[in-house]
Structure formats: C-alpha cells, structure tokens
Amino acid sequence: MKQQSSPTSRTDSPSYGFAYLNEQTKRMIRRALLKAVAVPGYQVPFASREMPMPYGWGTGGIQVTASILTPDDTLKVIDQGADDTTNAVSIRKFFRKTAGIQTTESTDEASIVQTRHRIPEQTLREDQILVYQVPIPEPLRFLEPRETETRKMHALEEYGLMHVKLYEDIARHGNIATTYAYPVHVHGRYVMDPSPTPKFDNPKMDKMPALQLFGAGREKRIYAIPPYTKVRSLDFDDHPFEVQKWDGACALCGETESFLDEVILDDQGGRMFCCSDSDHCGKRRETAGDSHAA
Amino acid sequence: MLHDDLSCPLLRARSVTKIYGDHVGCLGVSFDLWPGEVLAIVGESGSGKSTLLSCLSGAMEPSEGEVFYNADATGLTDLAGMPEPQLRALARTDWAFVHQNPRDGLRMSVSAGANIGERLMANGARHYSNIRTTAETWLEKVEIDTSRLDDLPETFSGGMQQRLQIARNLVTGPRLVFMDEPPGGLDVSVQARLLDLVRKLVADHELAVVIVTHDLAVARLLASRLMVMQAGRVVETGLADQVLDDPQAPYSQLLVSSVLQV
Numbered sequence: 001m002k003q004q005s006s007p008t009s010r011t012d013s014p015s016y017g018f019a020y021l022n023e024q025t026k027r028m029i030r031r032a033l034l035k036a037v038a039v040p041g042y043q044v045p046f047a048s049r050e051m052p053m054p055y056g057w058g059t060g061g062i063q064v065t066a067s068i069l070t071p072d073d074t075l076k077v078i079d080q081g082a083d084d085t086t087n088a089v090s091i092r093k094f095f096r097k098t099a100g101i102q103t104t105e106s107t108d109e110a111s112i113v114q115t116r117h118r119i120p121e122q123t124l125r126e127d128q129i130l131v132y133q134v135p136i137p138e139p140l141r142f143l144e145p146r147e148t149e150t151r152k153m154h155a156l157e158e159y160g161l162m163h164v165k166l167y168e169d170i171a172r173h174g175n176i177a178t179t180y181a182y183p184v185h186v187h188g189r190y191v192m193d194p195s196p197t198p199k200f201d202n203p204k205m206d207k208m209p210a211l212q213l214f215g216a217g218r219e220k221r222i223y224a225i226p227p228y229t230k231v232r233s234l235d236f237d238d239h240p241f242e243v244q245k246w247d248g249a250c251a252l253c254g255e256t257e258s259f260l261d262e263v264i265l266d267d268q269g270g271r272m273f274c275c276s277d278s279d280h281c282g283k284r285r286e287t288a289g290d291s292h293a294a
Numbered sequence: 295m296l297h298d299d300l301s302c303p304l305l306r307a308r309s310v311t312k313i314y315g316d317h318v319g320c321l322g323v324s325f326d327l328w329p330g331e332v333l334a335i336v337g338e339s340g341s342g343k344s345t346l347l348s349c350l351s352g353a354m355e356p357s358e359g360e361v362f363y364n365a366d367a368t369g370l371t372d373l374a375g376m377p378e379p380q381l382r383a384l385a386r387t388d389w390a391f392v393h394q395n396p397r398d399g400l401r402m403s404v405s406a407g408a409n410i411g412e413r414l415m416a417n418g419a420r421h422y423s424n425i426r427t428t429a430e431t432w433l434e435k436v437e438i439d440t441s442r443l444d445d446l447p448e449t450f451s452g453g454m455q456q457r458l459q460i461a462r463n464l465v466t467g468p469r470l471v472f473m474d475e476p477p478g479g480l481d482v483s484v485q486a487r488l489l490d491l492v493r494k495l496v497a498d499h500e501l502a503v504v505i506v507t508h509d510l511a512v513a514r515l516l517a518s519r520l521m522v523m524q525a526g527r528v529v530e531t532g533l534a535d536q537v538l539d540d541p542q543a544p545y546s547q548l549l550v551s552s553v554l555q556v
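Those sequence lines, one after another, are chains A and B. Read in order, the letters of the first sequence correspond to residues 1 to 294 in the numbering used here. Read in order, the letters of the second sequence correspond to residues 295 to 556 in the numbering used here.
Excised from the complex, chain A in its bound form (with noise of 0.2 Å):
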C-alpha cells in the first residue's frame, strides 16, 4: 500500500502528527498541565501514553515536551548534565524526527530544557520552559506505601511523615543524609519530590523565572511550579538544610560553584572532579580560551 504524506506534518514520515503524539492525546496532556500550573506542587493524574522508550528512560518527560512544543522551539536535552550521553541524545534526534524542531546544547539557546538529575547552572529565563523527567513522583511513598492514604496527607496537610525521614537520616548518619530527591515546600501547600536532582539544585528551583513541568509517565502524573513560586526545602530548626560542597575544583574548567561529578580515571586510585553541566564547562573553557589568544 502506498502511504500519502500528511499535510500538517513537517516531516518526511507520514506516520506522526507533530511531535509524534496525536493532538488528543497533546490536548488532555496540556489539561493537565494548565491544572498543575494552577494548583503549584499537586500531582495531576493523566493518561500516560505507552512512548517507544523504556519506562524510566523520561517517558512522562517526553510527553510533556511533546505537548508543549511548537515548531518554532528550540530543545534542549541532558541527562545528569550531559547533554552528550545516549538518553539525552537519542530524545534530541527523536524530536527531530517527529517534530522537525531544531535542537541545541547551549542553554542560552534553548527554549524547552529536558531534563534527567540537573537544574543547568546558568540561571533560566522566562521565556524557557524546563521538563522534569520524574520516576517516583510521590515523596510521602517509602514511608507510606497505600496511594489512598498519600493522597489523604496530600489533601489533609499531613506532612509530619516526611520529617520522620529526615529524623531517622540525622539518627543514623548524624546529618541530612538526603542528597537527591530532597523533598521540596512548593507555595506553602503542597510536599513535592523534585524528582531525582540532587539538593544542589533545590535553591535553584526556589523563584526560578522559567515555568518548571514535572512529568511521570510510569505513575502516570504531572506537576509544576509557575515562575517565581516560592520553593522551600523541608528542615529542622537545629539542622537546617544545606548543599553538598566540593573540596576541588573542575579539573577542565577549574569552576568551583557548580555541581561535580567525580570520575575515576584508572585502578590506581586516580580520580578528577568535573563539571555535571557540560554546556556549562564548555562554556567556561571557551572563554578561558579567548581571553588567553587575546
């Protein structure tokens, strides 16, 4: 059978609508969205589409992208930071593919970020919209497993569980143990887990100007923070919260204020610590590298 190409579709597979989901489907995801917007923090359930990726490879994340593209957007995807690793490239060419968009790495270019693990350290615009990839979308669930009962705290303000965690963290390790996932106060009402960034990244969420949209494609939920919503993250009186801190510098870019990874180089024992934001590092060394030819 002879297929006809599809006159709303920019691309050459006439298979796809824009952005490979149908416009049903993007319409009752963009519901969800505006509803997440107006309630900050509160996790709106969707009919989560079955994507061609694994779950837990950013299908709610791709969903969300999916419906808030347009085709004059430029995407942006990384993954721990990276914009060069297999997860965040293979979604930049799938959005080629289906959307025809233009993708970049430079931050300051993009005007939808996705997102795996990192907030990108250069400080976001309005005009950008940053999508979260979320696994486990309900922080109250390790301790609490019924869905029915977390919704009740959700609706209840019954928080309290969530610094009986923190609690046992300070008991058996003597600090705040958690470092990624750290459980955020969005607007003064709603608990949100941020989804797996590390708390490095919690005060940047706090009055971001980019609209931030979480998405759960396994869980089948969506969340959000409106731009300059208040964000504060869960603490005691006597062990506020407080960022990891590095004792180096990036060994590529010598910043000393950005999220590190550590990289082990040999079996010697020989490690260096780099910037998770490689956009960032790039960036850094770049204008290293002008100033020193000037």
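Hints listed in this document are in silico derivations from the structure and should not be mistaken for laboratory results. Watch out, some of these pointers could steer you wrong.
Listing some non-contacts, in silico: residues in chain B with all C-beta distances to chain A over 10 Å [to be verified]:
hint, residue
1, 301
2, 360
3, 397
4, 417
5, 494
6, 524
A few chain B residues that don't get close to chain A, going by computed Cβ distances all over 12 Å [said to hold, decoys possible]:
hint, residue
7, 311
8, 314
9, 318
10, 326
11, 355
12, 391
13, 419
14, 444
15, 483
16, 495
17, 527
18, 539
19, 545
So the derived list for chain A, only partly shown, Cβ under 7 Å to chain B, looks like this [to be verified]:
hint, residue
20, 168
21, 171
22, 236
23, 238
These numbers were taken from a predicted model, which means no experiment stands behind them. Heads up, the beta-carbon is just placed ideally off N, CA and C, and yes, glycines get one too.
Got chain A; can you put chain B on it based on the hints?
Same frame as chain A, but now just chain B:
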C-alpha cells in the same frame, strides 16, 4: 487535667449497632465513659468487642446509633458528623490506639526514636534535639534502655515492641486510649510487667481507657468498670470487682467460672 469537666462524659455511645450483611457485629451498645475511667470490654472471640472498638474510635461507621466525643472546642460531638480532618487530628492528639499486634501500630522501617517522634512531628514539632529528648524520656517511662533509641523495632522483643507502641501513642498526652488486647501473644511474666506499666501510666497521666480483652485477669487488674459481651450484645455491666466476684448474667457466670485456676 485541664479540660476535664466532670459534669460531662468524655465518650458517649448510644445504641451503637454494626451489621455486616446478615451478621451482627454489635447490637445496641450504650454507655458513658468518664475522664480518667478505665472500661474493659470482655467476651469470647467473635462477640463483637473489636467491632465495637472500631466504631468507638471512628475507624468504622456504625450502622445505627451514635458515638459522641467531648472535644475541647465543640463539646460533645457526634463522630459521624465530624469532618475527616478533625477526626484525624483527634486521632493523633487526643486519642491513642494500641493495637494487639505491635507491628500494626509501629512503623517497622524507622528507629524507635522516629516512632515516638512521629506524632510530635505530625503535630508540628520541627526541632530535632527536642524531639529526641522527648523520645528518650518516653523510652525511660516505658522501661526501655535509652541506648536503644536508634535501633529498629525489628530488633526489639515482643514485649519491648508493645511498650514502644504505648510510648509512641502516649507521647502527645492523649486523654482517651483505645487498647485492643494489649498483652495478647506475650508470655505471662512479660504480660504482668506490661500490665503494671499500663496501670502506672494510666494513673500518672489520668487517662481514660477503653480496653478490649478476653482475659479476665487483665480486666481485674486494669479496669474500674466492666462490660460483658456475648453475640454482639452487652449482657452485663458494672464495677469490675462486682461483676467478677458476683456475676449475674448466665454468660458472665460461665466466663468467670471458666478461668483456669493454678
């Protein structure tokens, strides 16, 4: 206690009935519980004791009849008409529920300290050291060595788990405690120690207690008043010693006479 007004009961049940399909859970139970009073509900298994306890503690809605609680702000209030947030708030401040199996009442995956601190944190405590100090004080009160503060309840013996459950429940200073066969499944000497402890705590903190048990010895030791149930109905009620020494209803007589003598 501050709020206790002796002209008004703490808990009032009026013809509480629970029907499961065509089975009777409990039928037309009425009583008043006064502040500081210990009421034991005794009867064989299947007589509706636990059903009644669930209805009284708001865990289950009775098919007929009402349960009133004397809440601080509103006076005697019908539990069925109480909004859920208020009911849940009561359950973690004014009330306590001690389960028969401590595993049902404890959070097994976190330490003893966190278990005791949970109710405090649920009520807004956000100072780690204060929570810890309070938890330590309560471990002492229930005779658990304070060096076990950071241990998981898994590592505790059955008797210690039960005492930990009691500490976890009493830490917020409740006025009313529901107990479902508290010493069930413990060996006799541990039972005796636990009962001594409960009796001391009840006296020290002037608690009102509804205790469900099939063990008349428990009732004799703890209760000031006794209610004997059979097939969902209350067959006899009165002062504990009076009912145990001079049972009137045939079933109570049978129950008292069937206790094994050593």
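**Item:** Hint check: 7 Å Cβ-Cβ cutoff, residue 236(A) to chain B
**Value:** 4 Å, holds
**Asked** Would the least Cβ to Cβ distance between residue 524(B) and chain A come out above 10 Å?
**Response** 35 Å, holds
**Prompt:** Hey, does residue 527(B) actually stay past 12 Å from chain A on C-beta?
**Reply:** Correct as stated: the minimum Cβ-Cβ distance to chain A is 34 Å, above 12 Å.
**Request:** Run the C-beta distances from residue 326(B) to all of chain A and say if the shortest one exceeds 12 Å.
**Result:** About 30 Å separates residue 326(B) from the closest Cβ of chain A, which puts it past 12 Å; holds.
**Request:** Run the C-beta distances from residue 495(B) to all of chain A and say if the shortest one exceeds 12 Å.
**Result:** Label holds. Min Cβ-Cβ 23 Å, cutoff 12 Å.
**Status of residue 318(B), Cβ more than 12 Å from any chain A Cβ** = Given that every Cβ of chain A is farther than 12 Å from that of residue 318(B), nearest at about 29 Å, it holds.
**Message:** Holds or violated: the hint that residue 238(A) contacts chain B, with Cβ atoms closer than 7 Å.
**Reply:** Interface hint status for residue 238(A): holds (5 Å vs cutoff 7 Å).
**Request:** With chain B as the partner, please determine if residue 171(A) meets the hint condition of a C-beta pair closer than 7 Å.
**Result:** Since chain B brings a Cβ to about 5 Å from residue 171(A), closer than 7 Å, the hint holds.
**Asked** Non-interface claim for residue 311(B): all C-beta distances to chain A beyond 12 Å?
**Response** Correct as stated: the minimum Cβ-Cβ distance to chain A is 27 Å, above 12 Å.
**Message:** Beyond 10 Å on every Cβ pair: is that true for residue 360(B) relative to chain A?
**Reply:** Its Cβ never comes within 10 Å of chain A, the nearest being 24 Å, so this holds.
**Request:** Run the C-beta distances from residue 314(B) to all of chain A and say if the shortest one exceeds 12 Å.
**Result:** 22 Å, holds
**Prompt:** Would you say residue 355(B) is clear of chain A, with no C-beta pair closer than or equal to 12 Å?
**Reply:** 16 Å, holds
Going down the numbered hints, you'll see the structure goes against 4, 13 and 14, while the others check out.
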